[in-house]
Amino acid sequence: MSHPIPLHSTATRRRFMAGAAVVVGALVLSACAAAADSTGGGPGGKISIMANSGEILPEQIEAFTKETGIEVTFSEFDQTKLNAMIAAGKAPDIIRGSGAAETPYLGTRGLALPLDDYIADSDVIDEDDLNVLGDVWKWDGATQGEGPRYGLMKDYSQDTTIWYNKKAFEAAGLEVPSDDTPLTYDEILELGRKLTIPGGDGTVTQYGTWTQLPGIEILSSMVATADGQIFADDLRSVDFTSPEALKALQWYVDAGQARIGYSLVDVNPDGWDGPPFASEKIAMTQNGYWFSGIVGGSETAPEWGRLAPAPVLGSTRFSPTTGATGHYISAFSKNPDAAWAFLEYYTAGQPGIDRAKAGWGLPALNSLREYLPQELEYQKLALATQEKEEAYAGVLQFSPFVQTSAANAVIQEIVPKAINGDITVREAAEEITERTNELIDQGIELTEG
Amino acid sequence: MALSPATSGLTSTDGASRATPRRSVRGRRWKSLPFYAFISPWLIGTILLTAFPLIYAFGVSLTNWDGISPRFRFLGLENYTAVFSSPETWSSLGRTFLLAGIVVPVTIVGGLLLAIALNQKVRFRTGFRLLVYLPAIIPPVAATLAWKILFDRDNGGFNAFLRLFGIPAVDWLSQGIVFWVLVALLLWGIGAGVLINLAALQDVPIELREAARLDGANSFGVFWHVTLPAISPVLLFQVITTTIAVLQTFIPVLLLSPATAASSVTAVPEENQVFMISVYAQYFAYQRYGYASAMLWIFFALILLLTFVFFKFSGRVVFYAVDPSAQEGRR
Numbered sequence: 014m015s016h017p018i019p020l021h022s023t024a025t026r027r028r029f030m031a032g033a034a035v036v037v038g039a040l041v042l043s044a045c046a047a048a049a050d051s052t053g054g055g056p057g058g059k060i061s062i063m064a065n066s067g068e069i070l071p072e073q074i075e076a077f078t079k080e081t082g083i084e085v086t087f088s089e090f091d092q093t094k095l096n097a098m099i100a101a102g103k104a105p106d107i108i109r110g111s112g113a114a115e116t117p118y119l120g121t122r123g124l125a126l127p128l129d130d131y132i133a134d135s136d137v138i139d140e141d142d143l144n145v146l147g148d149v150w151k152w153d154g155a156t157q158g159e160g161p162r163y164g165l166m167k168d169y170s171q172d173t174t175i176w177y178n179k180k181a182f183e184a185a186g187l188e189v190p191s192d193d194t195p196l197t198y199d200e201i202l203e204l205g206r207k208l209t210i211p212g213g214d215g216t217v218t219q220y221g222t223w224t225q226l227p228g229i230e231i232l233s234s235m236v237a238t239a240d241g242q243i244f245a246d247d248l249r250s251v252d253f254t255s256p257e258a259l260k261a262l263q264w265y266v267d268a269g270q271a272r273i274g275y276s277l278v279d280v281n282p283d284g285w286d287g288p289p290f291a292s293e294k295i296a297m298t299q300n301g302y303w304f305s306g307i308v309g310g311s312e313t314a315p316e317w318g319r320l321a322p323a324p325v326l327g328s329t330r331f332s333p334t335t336g337a338t339g340h341y342i343s344a345f346s347k348n349p350d351a352a353w354a355f356l357e358y359y360t361a362g363q364p365g366i367d368r369a370k371a372g373w374g375l376p377a378l379n380s381l382r383e384y385l386p387q388e389l390e391y392q393k394l395a396l397a398t399q400e401k402e403e404a405y406a407g408v409l410q411f412s413p414f415v416q417t418s419a420a421n422a423v424i425q426e427i428v429p430k431a432i433n434g435d436i437t438v439r440e441a442a443e444e445i446t447e448r449t450n451e452l453i454d455q456g457i458e459l460t461e462g
Numbered sequence: 003m004a005l006s007p008a009t010s011g012l013t014s015t016d017g018a019s020r021a022t023p024r025r026s027v028r029g030r031r032w033k034s035l036p037f038y039a040f041i042s043p044w045l046i047g048t049i050l051l052t053a054f055p056l057i058y059a060f061g062v063s064l065t066n067w068d069g070i071s072p073r074f075r076f077l078g079l080e081n082y083t084a085v086f087s088s089p090e091t092w093s094s095l096g097r098t099f100l101l102a103g104i105v106v107p108v109t110i111v112g113g114l115l116l117a118i119a120l121n122q123k124v125r126f127r128t129g130f131r132l133l134v135y136l137p138a139i140i141p142p143v144a145a146t147l148a149w150k151i152l153f154d155r156d157n158g159g160f161n162a163f164l165r166l167f168g169i170p171a172v173d174w175l176s177q178g179i180v181f182w183v184l185v186a187l188l189l190w191g192i193g194a195g196v197l198i199n200l201a202a203l204q205d206v207p208i209e210l211r212e213a214a215r216l217d218g219a220n221s222f223g224v225f226w227h228v229t230l231p232a233i234s235p236v237l238l239f240q241v242i243t244t245t246i247a248v249l250q251t252f253i254p255v256l257l258l259s260p261a262t263a264a265s266s267v268t269a270v271p272e273e274n275q276v277f278m279i280s281v282y283a284q285y286f287a288y289q290r291y292g293y294a295s296a297m298l299w300i301f302f303a304l305i306l307l308l309t310f311v312f313f314k315f316s317g318r319v320v321f322y323a324v325d326p327s328a329q330e331g332r333r
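Taken in sequence, the protein lines are chains A and B. The numbering of the first sequence is the numbering used here, which starts it at 14 and goes up by one. The numbering of the second sequence is the numbering used here, which starts it at 3 and goes up by one.
Keep in mind that the hints were calculated from the coordinates and are not lab data. Nothing here was measured: the structure is a model prediction, and the numbers come from that model. Glycine included, every Cβ here is placed at the ideal spot set by N, Cα and C. Treat each hint with caution, since some may be false.
[Said to hold, decoys possible] Selected chain A positions facing chain B (Cβ under 8 Å, derived; list incomplete): (1) Ile99; (2) Ala185; (3) Thr194; (4) Thr216; (5) Val280; (6) Gln416; (7) Glu426; (8) Leu452.
Input sequences plus hints: build the corresponding full structure.
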């Protein structure tokens, strides 16, 4: 039997391989060209945005393009994809980020464009009108909150405040938290025990406290209320073995062992506190003012959902933002003017006003506060509590040499061992310290060479 | 076999005689075009999506790159020695092989027994086959999320069932039990193997079984000496593909855990931290791209070795209707 197609013609195979190489090359080149095109163009040309589609809406993009003639390519935020794009020097023009957690990292690595000149020249954004908590987007190479501004927050909250279910407190015969005097974390543990309602058959009908997924942002703010700090002054190391940090870790371990809230060993099926709080499955949740959007989205929660001040581990009141989520312009942007035009529109234009009206956080511009929702009782009470809380606002310091997500990965790997009783809290603290410092050392080497 | 002038080395100065072989070569080239047209998507795909990433990952594995920095340092094989000397590597490998050690045999043996049962002439046979196969066609993400809801301690269906008998609720998704939930979830897709086995069983020549019966073999003897050898290549295929699939288990583990983002992949309960979870954590939680790439390359080599071992030692227990070596010799 002979082969209908000869497989042994070397000349043909060679030609084919050469052709295949040309095709591969063409594909690679066209991919590069496509990527370059997405960020290229002159003023009024094109920009690309990588963000959350629930935060930058298609109709907002459409209105911007109609008004300015600038075309926008939108892609959903994906950290992995973003890292690959940055590594290839083809980052989107506008990128979503957390001002509190990412600014030192972005600034030190030269990934974000300073916006100060743009703000100085802007007709719609005034430096004095920017809320002071947005200063977490500033970084001078040593201190967060100082120096050039690398991004604009879309809105903010002081994220360690507490939302509680007034009805659950009353049903348990407990006094509801004050709107200006903070609870201590010890008191929260005690309240959590009293508010937890066992189902009697091994289930839990209502948890007392929130989902306890410890992260370096919350741990740092807890420690700050006890006059301690996790990061060293030069931000080149962490120490979780200080008495204050040990106390904060102990709180998470105690709460996890007491099973008075979802934890890393008692899994929240929803993954976060919104649904269980709205369905009265948990009585307290640690979230900022923005959570009023969740409360407002529930049929019953506006009647019983109330905001209380950020709790304290020691005696110092400190109520930071751990997010200040917003957007920055990539340092590699080929059309930064057009990108700034979008940020201006998004912050001070109709999208900024619409966000303020919705109550999903406090606006980046103080002048937009007048739009915050004030029709319902819970909205008025929440804003009143929030305004008192602002006296205790502050900026947490994060290291430029490690992403907070990496530090949190270490914490969330080790804390469950302590909750399960496999290691002591001190052993957990030592391991977290050692592992996080290894990551910081790696970051120092890659940043400073 | 006739040699063409081009291959036989014969040459001619006559113009007319030169024209014939030229047409022949050109003709063969045109004839071969469909072959290359058909394989080119796979060839290009393999180059772009397999060979290039493999080589790229190997390059990254020799550095301390974090996936984002413009700077990195060449480390040589340092990442490889670090992977081998890390206790985490061995513990995650141990968990992974324990998982495979349980899931693969149960899948193969269970799939075969179910196929034998479903090959009997019973009423509603088609319905039973459909029921067994149905879970295999449900997307893994949907299946895992459904299981997460079913195994929820407070509101899950399994605990509701236990409560009917006065049994207290069980923390299915917590440390100590969640590994077995994962095992059960992976076994849930046993139907795919059943279908393959069923097809293999129906392909066993009936005359062989009848001959064995005439020789006095009972039902078990027929199964052991005729059916099993006849379907052994199919079983070997399943052993290899199931082993590779279980060793690479990732999505079900992640979805059963409290992890809600790439960085919280480390929140996967320790007993479920299989090798691919460790790799993912090193890449996307700790941003140790070099180290994670070294882990992947080691795992890739391990799976290749395992596949080779399966093939090497299957000769005595796997029987082919047509001897592949004889076929090879004939060519």
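Status of the hints after comparison with the structure:
The criterion of a C-beta within 8 Å of any C-beta in chain B is met by A:Ile99, whose closest approach is roughly 5 Å, and the hint holds. For A:Ala185, the interface hint is violated, the least distance from its beta-carbon to any beta-carbon of chain B being 19 Å, above 8 Å. Nearest Cβ of chain B to the Cβ of A:Thr194: about 33 Å, over the 8 Å cut. The hint is violated. With a cut of 8 Å, the hint placing A:Thr216 at the interface with chain B holds, because the nearest CB-to-CB distance is about 4 Å.
Interface hint status for A:Val280: upheld, as the beta-carbon distance to the closest one in chain B is roughly 4 Å, under 8 Å. The restraint placing A:Gln416 at the interface with chain B holds, with a minimum CB-CB distance near 7 Å, inside the 8 Å limit. Hint status for A:Glu426: holds, given a least beta-carbon distance of 4 Å to chain B, under 8 Å. A least Cβ separation of about 6 Å between A:Leu452 and chain B falls short of the 8 Å threshold, and the interface hint therefore holds.
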